[in-house]
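Number of protein chains: 2
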Amino acid sequence: MELKKVFEAQRICLVGASNKAGSLGLLVSENLLSGPRETDLTFVSMDGEEEVAGRPCKTELNSGAGPFGLSLVAVPVARLKEAVAEALNARVHHLAVLTSIDRELGGDMDALREDILSMCQEKGVRLLGPGSLGLADIRTGLNATYFHGELKAGGVAVISRSSALAAAMLDWAAHRGLGLARIVSLGDMLDLDEADFFEIFAEDDDLRVVIGYLENIRSGKEFIKRAEALSSVKPVVLLKAGTTAAGEKAALLHTGRKLHSDIAYGAAFKRSGVIQAENFQELFDFARVFDSQPMPQGHRVAVLSNAGAAGILSADAVEGAGLSLAQLGESTLATIKQLLPAGAQVDNPVDLLGSADPKRFAAAFEAVQSDEDVDAVLMVHTPHLLAKAEETVEALVKARVGEKPALAVFMGGASVVQARQRLVEAGIPDYPSPGRAVAALGALCDYAVWRKRPPRIVARFPVNRRRVERVLRRHQRLKRLEVEEYQAKEILAAYDFTVPEGQLAEDADGAIEAAERVGYPVAMKIVSPDIVHKSGMGGVRLRLASPEAVRDAYDLIMLRIQRKKPEALIEGVYVEKMCQRGVEVVIGMHRDAQFGPMLMFGLGGIAVEVMDDATFHLAPITFDEAMQMLESTRAFAQLSASALADTMDPSAIAQGLQKISQLAGDFPQIQELEIHPFIVGRPGTEPIAADVRILMNKGDTA
Amino acid sequence: MELKKVFEAQRICLVGASNKAGSLGLLVSENLLSGPRETDLTFVSMDGEEEVAGRPCKTELNSGAGPFGLSLVAVPVARLKEAVAEALNARVHHLAVLTSIDRELGGDMDALREDILSMCQEKGVRLLGPGSLGLADIRTGLNATYFHGELKAGGVAVISRSSALAAAMLDWAAHRGLGLARIVSLGDMLDLDEADFFEIFAEDDDLRVVIGYLENIRSGKEFIKRAEALSSVKPVVLLKAGTTAAGEKAALLHTGRKLHSDIAYGAAFKRSGVIQAENFQELFDFARVFDSQPMPQGHRVAVLSNAGAAGILSADAVEGAGLSLAQLGESTLATIKQLLPAGAQVDNPVDLLGSADPKRFAAAFEAVQSDEDVDAVLMVHTPHLLAKAEETVEALVKARVGEKPALAVFMGGASVVQARQRLVEAGIPDYPSPGRAVAALGALCDYAVWRKRPPRIVARFPVNRRRVERVLRRHQRLKRLEVEEYQAKEILAAYDFTVPEGQLAEDADGAIEAAERVGYPVAMKIVSPDIVHKSGMGGVRLRLASPEAVRDAYDLIMLRIQRKKPEALIEGVYVEKMCQRGVEVVIGMHRDAQFGPMLMFGLGGIAVEVMDDATFHLAPITFDEAMQMLESTRAFAQLSASALADTMDPSAIAQGLQKISQLAGDFPQIQELEIHPFIVGRPGTEPIAADVRILMNKGDTA
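Here the protein sequences come in this chain order: A and B.
Okay, so the first sequence: first residue is 1 according to our numbering, each after it adds one.
Okay, so the second sequence: first residue is 1 according to our numbering, each after it adds one.
There could be a bad hint or two in this list.
[Unchecked claim] Here are the simulated DSSO-like cross-link-like pairs (lysine-lysine), alpha carbons at most 27 Å apart as the crow flies:
#1 A/K359 <-> A/K5
#2 A/K234 <-> A/K152
#3 A/K221 <-> A/K4
#4 A/K20 <-> B/K359
#5 A/K20 <-> B/K388
#6 A/K270 <-> A/K452
#7 B/K152 <-> A/K359
#8 A/K398 <-> A/K388
#9 B/K359 <-> A/K152
#10 B/K698 <-> A/K388
#11 B/K388 <-> B/K565
#12 B/K58 <-> B/K20
#13 B/K359 <-> B/K388
#14 B/K564 <-> B/K534
#15 A/K388 <-> B/K152
In case anyone wonders, no lab produced these hints; they're calculated from the structure.
With the rest of the complex left out, here is chain A (with noise of 0.2 Å):
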C-alpha cells in the first residue's frame, strides 16, 4: 500500500488504549476518537481494560485481525517490543510507534531501535519513529497524535522530526488561527524520514505550503530530489537545528579551512529550492505569508503609513532584506495626493499623516495595489490620536484585491489585539514590526524568483577521461592519498584547463633543458610522495630566469633536501613556466559525504583565507548557477563594482567551475581538489591554473 494512504486509512489500530489519566494510549484514544471522520478504530489494551474512553477495547490481536492501513503503538517504553509484536500480529500497512526511545532508561536502548526495525521489516510493514508524536490530516478529521489541543483545518502542513516542537508547532498555530492540513512527527527516522512525506506532500493540490523542523538528514541525495520536486510545486519553509558549532562539529578540510556541516546544508536547501528559516519564529512568519498570498512578479514594495516614522522604519527594512522601494506611477501619486491635505508631499514610503482615516488608507491602498510598477504592499499603522485600526482594517479588507502580496504591520499592543486578530481571519498577514514583515516578504520574493528559475541545462566539455582515469590508478596502486601537483595538472589538462607549460626533469641538464623548451622565467618544483610542505623543506624556486639560475635552484633544492629528509624518494624537478599576473582566485571542490560534491570560490589570499568569504554549490552546476556563485561573495560583487572589473573575465571563472563540477561527478575517488591561484585576466584571454591540489578517497587507496 502506498504510503499516501496512510492519511486516508479507513481502518486503524491503537496498541496501547489506555484509560491512565495523561497517558499517551488516552491521548491518542481521544484524539482518534474526537475527529469527524468515520473510521474504523479497533483498541487494543496492553493491561486488560474492556473499555478505552467509552470504546470497547480488544487484549489481544489475532493475524485475522486487519488489514488496518494504519497502526498505532503508544505504551511504556518497557512493553514496546511487546506492543509492536502484538500489533504486527495484525495485517499492517504502516506502524507508528509514538513510545520515544530515548535516554530515560537503561538497558541497550538502540537494539531495542533495532528489533522493532527488524520487526517491521519482516512483515515488510513501514515504520513511522520511534519517538513519533503521530500523524494527521486535520482537513479530514484524523488526528492520530497525541497533541492535546484545538486545531484549524487549512493549507499548511508541519513535518518535525522533533515531537516537542511538533506540538509547540501545532500548539502556536492553533494561537494563530493557521490552518492545518497534514502532520507529521518523525521521530527517530528508522524508516520513514522526510524525503517520504516530501513525496506525499508534493502530490497534494489542497497544500499551500509545508512548514518543518529537522535536525540530520538520512540520505542527502534522495532529500534534495524529493525537496526540489516539492519545491517546485510548493513553499517549504524548514528550521534546521544544529546550525552552530555548538550543534555539529565542523570538518577540517585538507586545505586548513574548516567546514560547517550547516555549509553542505545550505547547499543543499538552496539547490532544492527550500526556504530556510533561521529560527524558530521565522518558521511561522514565513508560513503565514506563504499560505495566504500570491506569488509577487518582482521585489519592488509600496510601503504605506499614518506616521513618517514608521515609513522610516520600514524603508531601512527594505533596503536591510534586498527588496526596493517601488517608484509609484503617475497617476498613483495624483490619486494619493487628492486624498491628503492640500501641501502634502507624496513619496514612497507614503506618509498618510496621523489624520489618516480607514477611508484614506483604503483608498491609497487601492491606489498602490492596482500601479503596474508596486509587486507587494507593505501597510504599517501607529495607534496615533485619530487612528482607528479595527475600521482601518475593515476598510484595508474590502479595499484588497488580492493580486499581490500585501501584509500588515499594526504597531502598539492593547489597542491592536482585536485589529490583529480580524487581519488572522481575512488571511492578511500581520506582523508585530516593519522588520519582521518584510523579512518575510523577502522570502516570499525569493521563493518567487527560484519558481521561475531557467531549466538547469549542465554542459559537459570535451574531456580526455582515459588520462584521469590513468594518473589515478597509478596512485590507487600506490597507496598515495595526495597526488602529485604536476599530476594533478595533467588532471587538470585533461579537463579542459590551461595549466603552465612544465616538464618533469631528473637532473640539471635535464632542467635547463625544460626550461629553454618552456621559456623563462620558469618555478621549479621538488617532486617527491614524501614531501608534502615543498616550500618549507626548500623545495620550491621562482623566477629563475637563465640556466645559471635554473643549475644554481637544483643544486640548492637537493642540497636542502638531502639535509632535511635524506630518506624522502625524490622523482626529479617539476620545471615549470612561471605564470602572468591577474586577478587570482580561489576554486575547488570538497566531497561531502552526506550531498556530494560541493564547488567552492572565493577571491585569492586574504578574502578566502582569512575572511571566509567563499561560496559553495553542489554539482553539478550550470554556468548561471556558477556566475551566482562568484556575484554571491562580498569581494566578487565589490571587485565587479570597482576599476578591477575590466582587467577579469568572470565567465572564465564560472567555467573552470562547470568543469569541476563535471571532474568530479566523473571520478568519485577525488575527495577534494583545490585551484588556488587561478589567474583570470581579460576576456578572451586563457584562466590559468596555477597551483592545484587534489586528494583522492581514503577509500580508494585502500
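With chain A fixed as given, assemble chain B onto it according to the hints.
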C-alpha cells in the same frame, strides 16, 4: 526652574482644552484629570467653552496667571501661534506644544516653527515639541499626553522623537505589563532634545532602563556626553531610524569609500554605552530583560529544557550571539542526574526530558543558578505530553534566587498564554523563541561588560605641534586641500610616526644624491600640487636599486609629466627609501560633521578596499579601545588565529591609532587622514607609515 521639575509641576496650564470628541484638547484634559495626583490645573479654551471635562475653563490668561511649571498647547495648527501667545501671557517655565506642524497644511511651516521658538526664547521659556505626544510620570500620576490607554507604573523611561512611535511604545508596554516611569515625546526638537532629558533621567534613581526612538541628533558632542553619563548609571536602549541608504545618504570619502551616517551613529552609541536595538521588536525584548534582571558577572549560560531539540536550538542561539554554554560544576551535574531517570546523560544544554514535571524543572533551576560557573540561566519549555506550563512557572518563580539573570522561553501558543502572563507578573522575562531570549541576554551581558570598563585614560605622545602647524599653514596659505605626500609625512613624523627616510630633489643629480643618502632601493614620486593621481600620470617609480636606475627614472618621470600635463607646477621629485615588507594595514581618520574625528582601521588591500571590513571609533581613543577596534574586524580576528600572528605586533597599530587620535584632536583643520599602507612587523620593530594622504577642511583653506 530646572527642567527636571517639569515632571513634578504642581501648577499646570492647558491652552486648547476642548470638548470636541477626538480632539487633542479633550484627550489631554481627560488625562490630566485622570491622575491620582493633586495638581492645580488651569484650562483655557480657545473656543469660549466654559467647562471642559467637568472642569471650569478660562477663555484667556492674564499676566497674573501662573506661574506654571508646565503649560501645554493643544490646538489645531491654524490657531497655534495665537495659542502659544496666549500661553506665554502667563508666567510659564516650560511649554509643551502637542500640536503637530507637519506637511498637512500649506503655508510656510518652517517660518511658523521659527516664530514659536523665538516667542518662547523672548520669554526665557523652554520649549518641548511641537509635535510632541506630551510628557508623563506614570509613578506620580502625571499624564500630560494625549495617549489614550491604561498605563502601569514601573521603572522604564520612554523617550521618542516620533509621537506615533511613542504611542506605539506605550500601547505595547500596556499590553505586556511593562511598568513605566517618565515618558517624553520630543517632537520637532526646536529647543529641548534627548540630551536634556538624558541628564534628568540620570538623576532619577528609580529608573531601571531608558528606551527610546531617535531619528537625527542635533548635537553629537552633547549627545555623547549626556548619553555616556546616563549609560553609566542605567541601561539605555535606542532604536535609530534611517540606518540604510534608503533613509540617509552615504557620505563619499576622499578615499573613495562610502561612509554611511549609521557608522558614525554606531560609533557614538558604542562610545556612550548605548545599546542599539536593530528593530522595534528588539527595543522591547531588551527593555524587558534590563527592567527585571540583575547584571550578569560573565557570559556563561546554562540552558534547561524539556526537549532535546529545544536545547539544540538554544545552543545554536547562544553560540551565534557570542555567549558561551557554561561548563556545569560536578555537584550541579550530580544534583541534576539525581532528578532524572537512571541512565540519563547530563550536559549543557540540560535535557530534562519530556517527562520533566514542574518539580524537576525547579530543582534543576536551583542547581544551575547556584553553580558558580553559571552566569545566566535560560529555561526553555515545550508543550509536550506531560508538560504543565502554569505549574512549571509557579515552581520556577518560587525557586528563583534572583542574583543571576534568568530568562524563559515557553514555546507554543494557545497552551502557554496563561503561563506567559504569569511570567510577566513575576518579573521573569519570557520570549517566544530561544533566539530572541538569547539576543536580549547578549545585550545584557554586553552592557554589563561596558559598565565594568576601566577608566578611559587617553595617552599623549611627545609630539612637535609647531612643525605640523607650519606645514598646515603653508597649505592654508596656498589654498590647497590636499597636503603634499612628503609634507604629510612630515606631519606624521612630528607625531611620533616612523616614515621612510626621504628627501626632495630638484634634478637628477639631486635625486641620485638623495638615493645615496637614504640607501637603495628607493622610490621616486613627483611632487606637484597639480597632480593628484601620481601613479596614473607616470609620476611614480619604485624599487630603484642603482644610480643609473634613479637617473633613468627621473628622466622618464619628467618626460611623461611633460607630455601629459605640461602646465603642471613641478616642485621636484621625492626620493624615498623603499620599505621592508610586513603586514599592511590601513589606519585613518574622518571628521564626522556630527560626532567629530572618527578613527578607522582595516587590514590593507582587499580587506578594506573590496570587503568593507573596517572598524570605526570616535576620538579620543585609549589603547584598549584601539585594540578592540583591531579585534572587531573579521580579518584581524582570523589573522590572529593563524600562523601569521607572530609576524605582526598589534600594539603598534593601536599606538598608531592613538597618535592619529591625538593629531585629530590637536588640529581641527585636518578633515581626513589615511595611512595606507601602515606596515607592521614583529613586536619590537618600528611600524612604518609608507604612504599617507591628508585632506584639509574646505573652510580652513578658504
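Of the numbered hints stated previously, which ones are contradicted by the structure, given in increasing order?
Going through the list in order, the structure violates hints 1, 7, 9, 10 and 11 and respects the others.
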